[in-house]
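In order, the protein sequences belong to chains R, C and X.
Residue numbering for the first sequence follows this note's numbering, starting at 722 and increasing by one per position.
Residue numbering for the second sequence follows this note's numbering, starting at 645 and increasing by one per position.
Residue numbering for the third sequence follows this note's numbering, starting at 21 and increasing by one per position.
Hints may be right or wrong, so weigh each one.
As the list claims (entries may be wrong) - For each label pair, taking beta carbons as the anchor points, the in silico distance ranges come out as:
{"id": "1", "chain 1": "X", "residue 1": "I123", "chain 2": "R", "residue 2": "D767", "range": "47 to 53 Å"}
{"id": "2", "chain 1": "X", "residue 1": "I123", "chain 2": "R", "residue 2": "S805", "range": "38 to 44 Å"}
{"id": "3", "chain 1": "R", "residue 1": "G808", "chain 2": "X", "residue 2": "I57", "range": "37 to 43 Å"}
{"id": "4", "chain 1": "X", "residue 1": "K129", "chain 2": "C", "residue 2": "I728", "range": "20 to 26 Å"}
{"id": "5", "chain 1": "X", "residue 1": "F90", "chain 2": "R", "residue 2": "Q727", "range": "51 to 57 Å"}
{"id": "6", "chain 1": "X", "residue 1": "W133", "chain 2": "R", "residue 2": "I957", "range": "35 to 41 Å"}
{"id": "7", "chain 1": "C", "residue 1": "I745", "chain 2": "R", "residue 2": "I957", "range": "30 to 36 Å"}
{"id": "8", "chain 1": "C", "residue 1": "I745", "chain 2": "R", "residue 2": "S805", "range": "49 to 55 Å"}
{"id": "9", "chain 1": "X", "residue 1": "G79", "chain 2": "R", "residue 2": "G790", "range": "54 to 60 Å"}
{"id": "10", "chain 1": "C", "residue 1": "T747", "chain 2": "R", "residue 2": "G790", "range": "36 to 42 Å"}
{"id": "11", "chain 1": "R", "residue 1": "H741", "chain 2": "C", "residue 2": "T711", "range": "57 to 63 Å"}
The set of hints was computed from the structure by calculation and includes no laboratory data.
All residues carry an ideal CB built from backbone N, CA and C; glycine is no exception.
For reference, the chains in residue letters:
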Amino acid sequence: MAWQVQFRVFRSSRGEVPAHFDPFTVEIKPDETVLDGIERIWAFQDRTLTFRHACHHASCGSCAMRVNGVEKLSCVTYIQDVTSDGGTLVVEPLRNFPIVSDLVVDVSPMFHRMHEVGMPIIRSAEPLGKPENFNCFENCIECGMCVSACPVMLTSNQYLGPAALAAAQRTIAEPRGVDVRSIWQLADDENSVWRCHTAFECGEVCPSNGDPAGAIMALRRRLILERIKSLFGRGILARQRGG
Amino acid sequence: MATITRVTRWGGYPAWAWILQAASGVLLVVLLSLHIIAQHFVAPGGVLDYGGVVAHLRNPVIFVLETAFAGSVLFHVFAGVRAILLDLAPSKAQERSINVILTTLGVGLFVYGLVLTLVVVTR
Amino acid sequence: MTGNGQHNTALRWGDSVRWFDARRRGLGMWAFALNRITGVLLMIYLLVHFVNISVLYLGETAWNQLMDLFRMPPFLIFDVALVLVLLYHGLNGIRLVILALDIGVAQQKRIFWGLMAFGTVVAVFTAFGLFRG
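Only chain R is shown next, with the shape it has when bound in the complex (with noise of 0.2 Å):
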């Protein structure tokens, strides 16, 4: 039995001020999928509608937007979890990354970032020791959700974010090889981890239990640790500022 479901889009193209939402009926069933419904506007409705998508199980991290003001992956969000026949559906892309159009954002800001933290998503090698200790970070689809969760990131570009301060810490816990120092910069610079103001949006929101806060709170422990090592002349901080 299909529900009745009004569809409030996103709408923007690159300069065009101000966006706007438009409004599309859709015909879907309570067990099928947001994604489902967008592609049902685009098909029927309005080939104008530009959205990312391509796995369809909740592994690539394309299709990541906003449902009713929440980061959501719309191929693995059901309908009937999220409205109600004859409800209403706004569809909104990430916050804090650039639009490109409509649904679509620039997501390059944060690989720039993940890069400048040493990448530790693609590795050279499998994990060394346990692997129960290394399997979260690891998870991470870089869809981008945690950034646009993160009210931090509302106030400021500047601001590394949840996904670039996780791999970070992961970087740092286990290097490869890696040089860390710029990465404990980085880490330690006023805007990361000291910005967090430990809101776990980005945990609340990461499909795939990358737990970026608590990777946050584990950066956090180890810097307060180097600074107050530091004042007594030892550790990471403190050789760092000889050379």
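Fit chains C and X to the supplied structure of chain R, relying on the hints for placement.
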């Protein structure tokens, strides 16, 4: 590996701002509990009359505790205000003004409180 | 445009105060927004407190009159509200310090509710103490 192009400042200044905010917060939990218990739960009706306040502040232990309390609460409050203001994305020049204004306010209120206390206990 | 690794979305004033808006967000976001709101309230109270302790300078009569005023029920209700705000800000602050030491991060919601339960007990005792005395 890509080069680092973001402007970074690594003098430990942001780190110490955070650590001192946390440390003053923890200290305040202790000092504020003492402050409230000392001021309100030993006094009839929850507040001390004038003689009570003066006798209270003349006790050197209380005086030291109250001064430490005033110092840490002012630091914590104005460092907190600074954190909120920094989230409004100020320019570097605006950030410097924020630092100067808030430091002046904090130090000014601390000195005011100290002078007020000394005037009251010595007359 | 994005070659320098920055998020080049233009910041708007509205974005800078969006931390206030925790609607449809998780417990951590509510905790953070409330922490700031209670922080601002406490700052205002501190400034008012500086004004009211200044009455000490005016001498015994003025101070005792002010204290008679503060013993009246509307001010006692204000005192209870103040204690609630202080308890929230202080206990949530303790949670933030615990988490920053990487302790119990996976349990952050339980830690929050545990501390709030403790705060409720303290608040009830304080309220009884204030109205009895």
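How the hints compare with the structure:
1. X:I123 x R:D767: 47 to 53 Å: holds, 51 Å
2. X:I123 x R:S805: 38 to 44 Å: holds, 41 Å
3. R:G808 x X:I57: 37 to 43 Å: violated, 31 Å
4. X:K129 x C:I728: 20 to 26 Å: holds, 25 Å
5. X:F90 x R:Q727: 51 to 57 Å: Holds: the Cβ-Cβ distance is about 56 Å, inside 51 to 57 Å.
6. X:W133 x R:I957: 35 to 41 Å: With Cβ atoms ~37 Å apart, the hint holds.
7. C:I745 x R:I957: 30 to 36 Å: holds, 35 Å
8. C:I745 x R:S805: 49 to 55 Å: 51 Å Cβ-Cβ, so the 49 to 55 Å window holds.
9. X:G79 x R:G790: 54 to 60 Å: Taking Cβ atoms as reference, G79 of chain X and G790 of chain R lie about 57 Å apart, which means the hint holds.
10. C:T747 x R:G790: 36 to 42 Å: holds, 39 Å
11. R:H741 x C:T711: 57 to 63 Å: Hint holds: Cβ distance 59 Å, inside 57 to 63 Å.
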